[in-house]
Amino acid sequence: MPGILTPGRVRFALALALVLLLEALCRFGIINRFAMIPPSEILWDLGGILVGGTMWPAIAKTLTNVAIACVSAIVTGVILGTLIHRWRGLRETLDPLFAAYYAIPVYAFYPLFIVIFGLGDVPQVLIGFMLGLVAVIVNTLNGLDRVPRALAKTARIHRLGPVATALHIALPFAAPYIFTGVKLAVAYSFIGVIGAELIMSRTGLGYEIGFAYNNFDNAVMYPLIVLVLAIAGSVNTVFFVWEKKMLARRRR
Amino acid sequence: MSALRAAILIAAIMAAWQLLFWWAGETALTSPHETIVYTLQLLASPAFYPHLAETGQAFVVALGIAISCGILIGFSLGLYRFAAEVGEPVLVALYSIPKITLYPIVLLAFGIGMPAKIAFGAIHGIVPVAIFALSAVRNLNPVYAKAARVMRMPAAQIASHVLLPAAVPEIFTGIRIGFSLTLIGTLLGEMFASQRGLGYLLIQAIGLHNVRVIMALTLLLVVIAVSASALLLAVDRRLRGTAAGV
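Same order as they appear, the protein sequences are chains A and B.
For the first sequence, our numbering assigns the number 257 to the last residue and increments by one with no breaks.
For the second sequence, our numbering assigns the number 317 to the last residue and increments by one with no breaks.
Everything labelled a hint here was simulated from the structure, so no lab data went into it.
Keep in mind the model is a prediction, meaning the values are calculated, not measured.
Warning: the hint list may mix true and false statements.
Computed far set for chain A versus chain B, every beta-carbon distance over 10 angstroms [unchecked claim]: (1) Leu26; (2) Thr69; (3) Ala72; (4) Thr98; (5) His163.
Label-pair ranges, simulated between beta-carbon atoms [what the hints assert, rightly or not]: (6) A/Phe122 - B/Ile81: 46 to 54 angstroms; (7) A/Gly53 - B/Leu91: 27 to 35 angstroms; (8) A/Glu248 - B/Ile81: 52 to 60 angstroms; (9) A/Asp150 - B/Phe153: 31 to 39 angstroms; (10) A/Asp150 - B/Ile81: 50 to 58 angstroms; (11) B/Ile81 - A/Met251: 38 to 46 angstroms.
C-beta atoms are modelled at their ideal positions from N, C-alpha and C, and glycine is treated no differently.
Please model the complete structure; the sequences and the hints are all you need to start from.
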C-alpha cells in the first residue's frame, strides 16, 4: 500500500483532478467563457505567447527586478543582522519594530516611493527589498543567538578579529537559520515586485496582467497568471528542496 | 525600561522622517508635524468616516472567514498524518506565491464591491492560519488524545475540549500573522476593486499625486497595524507563558 500511495503522488492526482474538473466546467459552459477559459487553452495560449516572444522583455524585467531586490535584501540583511547582534542596546530597541514590521502594509509606502524616485524600476525593487529585508535580519539574529559559547571562545583563543569570527565561525554556524530568511526573502521579493507592478508601473509581468485584465483579454491574462505562479512556485520549490538537502547533510 | 526604548525608537523614526523631508522636499512628502495634523483633520471630517467604516467592516468579515476556515483546514489535515503530508507542501506553496496576481480572477468571480474585497482579504489570511493550526495539532502531546480516548470521550468532544484548547497558543500565532496579511489583502482589494474604503482613497491619491493624503493614510495604517500587532503579540506571549507553565 505505501508503495503506491505516496504523498507526492496523491498530491499530483488531486491537482490533476482539479484541473480536469475546471476543464469540464469550462467546456460544458458552466463557467462562462468571459470569466475563465479552459486550462488546456490557457496552456496552449501560454505556449503561443512564449514562442511569439512579445512578452520576453516583460518577463526579463520582472525577473531582473526580483533578483536585485532579493539579493540586496539578503546581503544587507545578513550584514545588518550581524551588526545588530553585536550591540545589545540597539537590538533591544529594534526588537519591537521587527515584531510589528510585517503588520505594516508595505504597499502603502509605494506611492511615496513613486513620488521620490519616479515611476522607474527603483520603487518596485525597493518594495521587494523592504519585504524581504526584515525576514533575513530576524533569522540571522536567531541563528547567531545559537552559536555555542565554545565556538566563540575558540575564535578568541585563535585571536580572530570580529570580522573574521563572523565570516569563518558565527555565520557558517548560523547558515541553516539564515537560509530560512533567504527562503522568505525569495518569496517576498516576488510578492513585492509583482504586486507593485500591478498597482502602478510601465513594464513587467504584473503590469501586463493588469493591462490584459482591463482589456478583457483572457487569452493573455490567464496564461500570464499561470506563468507567474509557475515561476514563483518552481523557484520557491527549488529553495525548499535545497534546504532539505542541506539540513540532511548537517545531521549526518 | 521597554517604554523608554519604545520612545527612543519612535524619536529616531521621527528624526529620520524629518531629515528625509528636508532632503526630498515638499513635492515628495510632508513633514511629520504636518502629517499628524492632517491625519487628525481627516479623522475629524465626516466625509472620511464612511471610508474607514467600510474598510473596517470588510476587514472584520475577511478575518472571521480566514480564522474559521483556516482552523478548520488546519485541524482536518493535522488530525491525519497522511493528509498532513499531502497538504502541508501545498499550503507552504500557496503561502509563497504572489496572490496579488489572482485579483483579476477574484474580480471576475465576485464583481466589484464588498464581496471581492472580503474574498481578497480572506485568501491572504487563510493560509498562515491553516499552516499554524496544522502544525499545532500535529505537535500536540499524544498523551492528551490517549487520555481522552481512555475516558471514552466522543471524537467531536475530544476535538473541542482537549485538542483545541491545547493547540490554542500556536493557533494564536497563526491568527496574529493572518491578521496582518488579511489587512494587507483587504487594502489591496480596495485598491483595485472598490469605490470606497482606505485602499480606494490611497489609489485615488496616487493618481492625483496628493502627497498630503498619501502620507496621512500611510501614517494611519501604520499606527493601526503596529498597535494591533503589539496587542496581539502581548496576548500571544501570555498564552505561550501559561501553556509552558502548566
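Hints, one by one, checked against the model:
1. Leu26: holds (16 angstroms)
2. Thr69: holds (16 angstroms)
3. Ala72: holds (15 angstroms)
4. Thr98: violated (5 angstroms)
5. His163: holds (35 angstroms)
6. A/Phe122 - B/Ile81: 46 to 54 angstroms: With Cβ atoms ~26 angstroms apart, the hint is violated.
7. A/Gly53 - B/Leu91: 27 to 35 angstroms: The hinted range 27 to 35 angstroms is violated for A/Gly53 and B/Leu91, with Cβ atoms some 47 angstroms apart.
8. A/Glu248 - B/Ile81: 52 to 60 angstroms: Distance hint for A/Glu248, B/Ile81 is violated at roughly 37 angstroms.
9. A/Asp150 - B/Phe153: 31 to 39 angstroms: holds (36 angstroms)
10. A/Asp150 - B/Ile81: 50 to 58 angstroms: Violated - the Cβ-Cβ distance for A/Asp150 and B/Ile81, about 26 angstroms, lies outside 50 to 58 angstroms.
11. B/Ile81 - A/Met251: 38 to 46 angstroms: 40 angstroms Cβ-Cβ, so the 38 to 46 angstroms window holds.
When held up to the earlier numbered hints, the structure conflicts with 4, 6, 7, 8, 10 and fits the remainder.
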